[in-house]
Amino acid sequence: MQRRACVLAILATGTMAGPASAYTAYVSNEKDNTMTVVDTATMQVVKTVDVGQRPRGITISHDGKFIYLCASDDNTIQIIDTATLQVVGTLPSGDDPELFVLSPDGKTLYVANENDNLVTAIDVDSKEVKTEIPVGVEPEGMAVSPDGKTMVNTSETTSMAHFIDTGSHDVTDNVLVDTRPRFAAFKPDGSQVWVSAEVGGTVSVIDNAKRQVVKKIKFAIPGLRAETIQPVGIAISADGKKAYVALGPANHVAVINTETYEVEKYILVGQRVWHLDFTPDQKTLITTNGNSNDITFIDTATDEPVQSVTVGQQPWGVAISPN
Amino acid sequence: MSAPAMPEKVAVVTPVKSGAFGFRHYLICLKGVVIRECLRFLHQRERFISSLVRPLVWLFIFAAGFRQVLGVSIIPPYKTYVLYEVYITPGLCGMILLFSGMQSSLSMVYDREMGNMRILLVSPFPRWYLLLSKMLAGVSVSIAQVYAFLIVAWFWGVNAPPLGYLFVLPALFMSGMMLCALGMLLSSMIKQLENFAGIMNFVIFPGYFASPALYPLWRIQEASPLLYKLCLANPFTYAVELIRFAFYGQVDWVSLGVVAGCTLLFLGGAIVAYDPSRGLITRKQGAGGNG
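Protein chains in written order, with my numbering: chain A, 6 to 328; chain B, 127 to 417.
Because the hints were derived from the structure by calculation, they are not lab data.
All values derive from a computational prediction rather than experimental measurement.
Mixed in with the good hints, there may be bad ones.
Examples of chain A residues toward chain B, derived with CB under 10 Å [unchecked claim]:
(1) 274
(2) 303
(3) 310
BS3-like mimics (lysine-lysine), calculated; alpha carbons at most 27 Å apart, straight line [unchecked claim]:
(4) B:205 <-> A:247
(5) B:205 <-> B:355
(6) A:246 <-> A:220
(7) A:220 <-> A:192
(8) A:215 <-> A:247
(9) B:355 <-> A:288
(10) A:112 <-> A:135
(11) B:205 <-> A:52
(12) A:247 <-> A:220
(13) A:36 <-> B:355
(14) A:220 <-> A:135
(15) B:205 <-> A:270
(16) A:154 <-> A:112
(17) A:270 <-> A:220
(18) A:270 <-> A:70
Built from N, CA and C at the ideal position, the CB exists for glycine as well.
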């Protein structure tokens with residue numbers, strides 16, 4: 006009898022295990038000009054809404070009330086109310102906005118303008134451009150330090166990470182990284198900036214104090230040609246112990262130990278994995294897979310893919326509600 | 127204990143008068159047949175090794191080579207992308223059952239040629255029971271081989287959900303019974319051991335390749351709708367899918383129905399065929415003169 010109860014308990018645990026908290030994930034679909042709303046608990050699409058042309062960069066205000074979405078071909082940033090999912094305003098982004106980052110105080114949005122070789126700082130409340138900062142050719146990756154004092158932009162053609170003082174809006178340091186850097190992410194303690202190089206196939210770890218590359222992380226997936234490994238999106242866990250790097254056409258996400266810089270695992274996801282983000286409880290990581298038109302949920306406790314869900318055409322970025 | 131001693135075990139039950147069998151007698155008979163099959167398997171180390179090596183070669187070499195070529199889309203029961211090794215593992219379990227089932231049938235032909243079958247058939251138990259016992263013996267050996275393979279696959283990084291290894295047992299049993307029954311039916315039609323090569327070419331290979339064991343059926347449908355229909359008409363297709371779903375704690379009811387139905391059909395056919403008074407075996411014996 007006891008044994009039977011034990012078996013039943015194991016079965017119940019097996020079938021009932023799943024994500025604990027429900028958040029809402031918003032996915033920008035580059036090709037069909039839509040945004041997909043996904044419930045992270047049920048892992049199902051709740052709604053798909055029409056947005057501006059070629060939606061790419063996507064982020065959410067710290068209070069979770071508004072989504073900021075780069076409508077690249079409309080040369081604007083749309084503000085979407087998360088309660089109604091209606092576009093309630095726009096921000097003057099400059100030409101072809103692709104990626105941006107919201108300052109820790111939630112007041113300034115720093116936007117990379119790929120065609121103008123500029124980084125635009127926009128005041129979110131007044132919806133006005135505060136300043137434009139000239140950077141390298143084809144700026145793309147954007148990151149801001151946890152204290153809000155330093156902003157980093159990567160320029161794809163110049164292959165540099167530009168460190169910008171958010172007070173003076175001056176470029177203070179330029180750090181050369183590998184070819185075509187597309188994304189930058191600060192460690193939660195602000196000590197390092199991780200920059201992915203799409204063509205170089207590496208991630209450069211830059212010391213924020215010294216402004217020097219302290220480590221270059223390389224990737225090798227058995228059975229895959231090196232040129233298919235193109236690192237793009239980076240997500241570093243809140244405790245700073247693990248970094249997840251989306252490897253583009255390699256269809257895998259690399260899990261890196263941030264102390265040893267060793268790749269501990271490669272997780273199989275959909276085709277051309279581009280960006281990724283954690284749920285606020287850090288239990289789940291969601292990746293956008295551009296060529297297979299889906300997103301993959303990864304359990305961060307086991308680093309195993311749990312489920313893939315079809316969204317719109319060419320999902321590009323993902324933002325998850327903070328509550 | 128040596129293998130030749132085993133027929134004596136079966137012979138022990140022969141003095142029991144017909145109609146006076148209790149449940150215990152049936153169990154003794156079953157035990158005798160199963161132990162004989164297990165011992166035969168254990169004594170043939172080459173058979174054990176080859177039964178393990180065959181699926182492992184597919185897993186280690188074939189799957190590695192085709193990992194990039196045959197990208198597998200998300201199809202039930204999978205909820206996300208899986209490596210090719212993971213996809214073909216249920217198919218390789220099916221392959222073990224298929225080869226093992228056919229090997230059992232081979233042993234029936236061998237038994238008949240060597241005269242061992244006479245000892246089995248002179249037993250006063252009903253013929254259907256003897257054949258069922260023989261099948262259960264064959265399936266027990268097959269399932270042991272499957273689990274040995276799954277252990278090696280686990281260390282190769284092919285991991286199903288832990289409970290899946292429990293859930294898959296009934297699926298393996300049912301599929302194994304179906305394939306053993308098929309082998310039994312076929313063995314009744316073979317005159318001599320040499321004809322077994324025909325079974326390889328006309329049953330095992332077409333059955334294996336025209337199934338979702340190595341590639342999903344939608345890929346076959348893309349290539350040829352006719353071939354797709356042939357795959358759907360192949361009972362082995364349903365055995366593989368039954369095993370695949372069971373690994374993830376799910377029941378594919380269509381596969382379950384087809385496998386159960388085919389098992390009854392093949393078993394019924396084998397019982398009729400092995401009945402010397404009216405089955406195929408009579409005609410074969412009359413023509414071939416063996417056994």
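**Prompt:** For which of the previously enumerated hints does the structure constitute a violation, in increasing order of number?
**Reply:** Per hint list: 9, 13, 14, 18 violated.
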